[in-house]
Amino acid sequence: MVVTKEEDCLPPATETPRCYSPSSTTPLAELETVRSIEIVESSFLSPVWLLVIFCIINLLNYMDRGAIASNGVNGSTRSCNDKGKCTLATGIQGHFNLSNFEDGVLSSSFMVGLLIASPIFASLAKRLIGVGLTVWTIAVLGCGSSFAFWFIVLCRMFVGVGEASFISLAAPFIDENAPQKQKAAWLGLFYMCIPSGVALGYVYGGYVGKHISWRYAFWGEAVLMAPFAVLGFLMKPLQLKGSETSKNNNRLQVGNEIEHDQFEVSIETSKSSYAKAVLNSFTGFAKDMKVLYKEKVFVVNVLGYVSYNFVIGAYSYWGPKAGYNIYKMKNADMIFGAVTIICGIVGTLSGGFLLDRVTATIPNAFKLLSGATFLGAVFCFTAFTLKSLYGFIALFALGELLVFATQAPVNYVCLHCVKPSLRPLSMAISTVAIHIFGDVPSSPLVGIVQDHINSWRKTALILTSILFLAAAIWLIGIFINSVDRFNQEETGSENTRRQELSILTP
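Counting along the sequence shown from 1, when you hit position 88 you're at 95 in this note's numbering, and nothing is skipped either side.
Keep in mind that the hints are not guaranteed to be accurate.
[Claimed, not checked] Now the in silico label distances, taken between C-beta atoms and shown as ranges:
no.: 1; residue 1: A401; residue 2: K337; range: 26 to 36 Å
no.: 2; residue 1: A155; residue 2: L396; range: 32 to 42 Å
no.: 3; residue 1: P234; residue 2: N461; range: 25 to 35 Å
[As the list claims (entries may be wrong)] Each computed BS3-like pair below joins lysine-lysine, with the alpha-carbon atoms no more than 27 Å apart:
no.: 4; residue 1: K394; residue 2: K294
no.: 5; residue 1: K337; residue 2: K426
no.: 6; residue 1: K394; residue 2: K188
no.: 7; residue 1: K374; residue 2: K426
no.: 8; residue 1: K465; residue 2: K394
no.: 9; residue 1: K188; residue 2: K92
no.: 10; residue 1: K92; residue 2: K335
no.: 11; residue 1: K294; residue 2: K217
no.: 12; residue 1: K92; residue 2: K426
no.: 13; residue 1: K92; residue 2: K294
Rather than coming from a laboratory, the hints here were simulated on the basis of the structure.
Note that CB positions come from ideal geometry on N, CA and C, so glycine has one too.
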């Protein structure tokens with residue numbers, strides 16, 4: 008017997024189901040049993056252990072981003088004051104004598120590889136995760152061994168390619184295999200690693216860069232990631248709902264030998280007609296993209312996420328340097344690291360648990376996104392207007408706490424506004440969009456603004472104001488979702504009436 012295990016077909020009574028799979032009358036207990044059987048068959052690791060592995064890989068990825076932004080690794084150019092007292096050039100910026108714009112390009116170059124590779128890995132990540140993590144490890148080693156600015160930029164691009172190997176797969180897999188009432192909490196745990204990793208990178212990069220060399224910070228990251236690259240080759244392919252692999256396995260489970268033979272024949276056929284197979288792949292991709300961009304809830308969610316990520320990306324890269332210059336923080340890496348890791352963990356987990364608590368639905372997720380982002384923007388904006396260091400830390404911490412509470416809700420919407428088979432592509436396109444329109448341009452643009460006005464306080468205030476735009480877009484998402492649900496209900500009622508008339512008509 009084949010059972011469709013689709014938890015999304017069992018929504019809370021308070022919301023109309025947004026389910027795109029065939030309905031199932033199988034009891035929830037049997038669904039859980041079938042899910043466990045399929046998970047064991049697809050990998051030798053349990054969902055909990057895979058969650059742990061994904062979290063550690065995510066932590067290391069974002070630790071790398073934090074490390075390169077730290078004052079210890081990023082450093083500064085040689086400068087002199089009016090009295091003739093000069094500071095020595097330090098870190099990458101000092102070693103290669105970079106302007107703030109070039110320094111910002113160094114941050115964005117990582118995203119180029121990520122953007123190019125993400126859509127490709129959306130379908131291949133389950134088979135090439137080991138290759139991707141190996142590329143990441145080698146690229147990070149190259150960063151530490153850089154001899155010129157262009158070389159380290161090239162290496163940062165390949166770091167992005169490596170990260171793309173698992174980002175499209177991790178969130179959909181976690182969402183599908185989390186307990187029904189803990190989906191947002193599991194996503195919260197995974198996305199908690201973003202602020203935690205960045206914060207850990209501030210501390211790690213600041214310490215290693217100051218006491219040893221900025222090069223050793225990159226080499227240390229490579230050593231930490233190497234075991235997971237090996238594990239990526241040992242793990243069996245993971246299967247997602249709606250994927251062709253999953254469908255083929257279900258056919259094999261009912262003992263359909265003809266399907267197996269046809270599958271083997273199709274492999275031979277694809278070898279002899281490679282060009283046609285490639286064309287069909289592009290055609291299928293284009294159709295999926297058309298369906299995705301017609302989903303208004305997905306589009307408005309990503310637009311809000313782009314505005315949000317524009318600010319967060321610039322915060323994560325320029326934060327320690329801005330804090331050092333505005334408030335003369337002697338240990339800016341440690342202070343920003345401590346604030347970010349505490350607020351990131353508490354905020355991200357709180358967002359996930361709160362969404363589960365109020366019932367995880369798309370309207371509730373949008374309400375949480377809009378409210379938390381607006382309040383967080385108020386606190387962060389006010390913090391940068393203060394002259395007191397302690398006042399700044401207190402208000403900025405509250406702002407970060409609220410801003411990081413959005414991680415689980417925004418990805419919940421991204422996953423649940425499309426049918427299961429489109430979830431990897433949804434995550435990939437969301438990732439591409441928030442980077443190409445968000446933190447890719449934000450770091451260089453903030454560098455240009457700072458080079459022009461030469462005031463980190465004013466630059467930070469201009470940047471923070473964009474969070475209000477993100478809150479407004481997510482507020483619109485509540486109304487877009489309501490209209491979308493109303494139209495779906497009207498379409499369903501119309502179809503029902505037509506069926507009734509067709510039965511009554513001779």
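A quick look at each hint next to the structure:
1. A401 / K337: 26 to 36 Å: violated, 19 Å
2. A155 / L396: 32 to 42 Å: holds, 38 Å
3. P234 / N461: 25 to 35 Å: violated, 45 Å
4. K394 / K294: Status violated; Cα separation ~54 Å.
5. K337 / K426: Violated, at about 50 Å.
6. K394 / K188: violated, 45 Å
7. K374 / K426: holds, 22 Å
8. K465 / K394: holds, 13 Å
9. K188 / K92: violated, 61 Å
10. K92 / K335: The hint holds at about 17 Å.
11. K294 / K217: Roughly 52 Å between the alpha carbons, so the hint for K294 and K217 is violated.
12. K92 / K426: Status violated; Cα separation ~62 Å.
13. K92 / K294: Between K92 and K294 the Cα gap is close to 63 Å, so the pair fails against 27 Å, i.e. violated.
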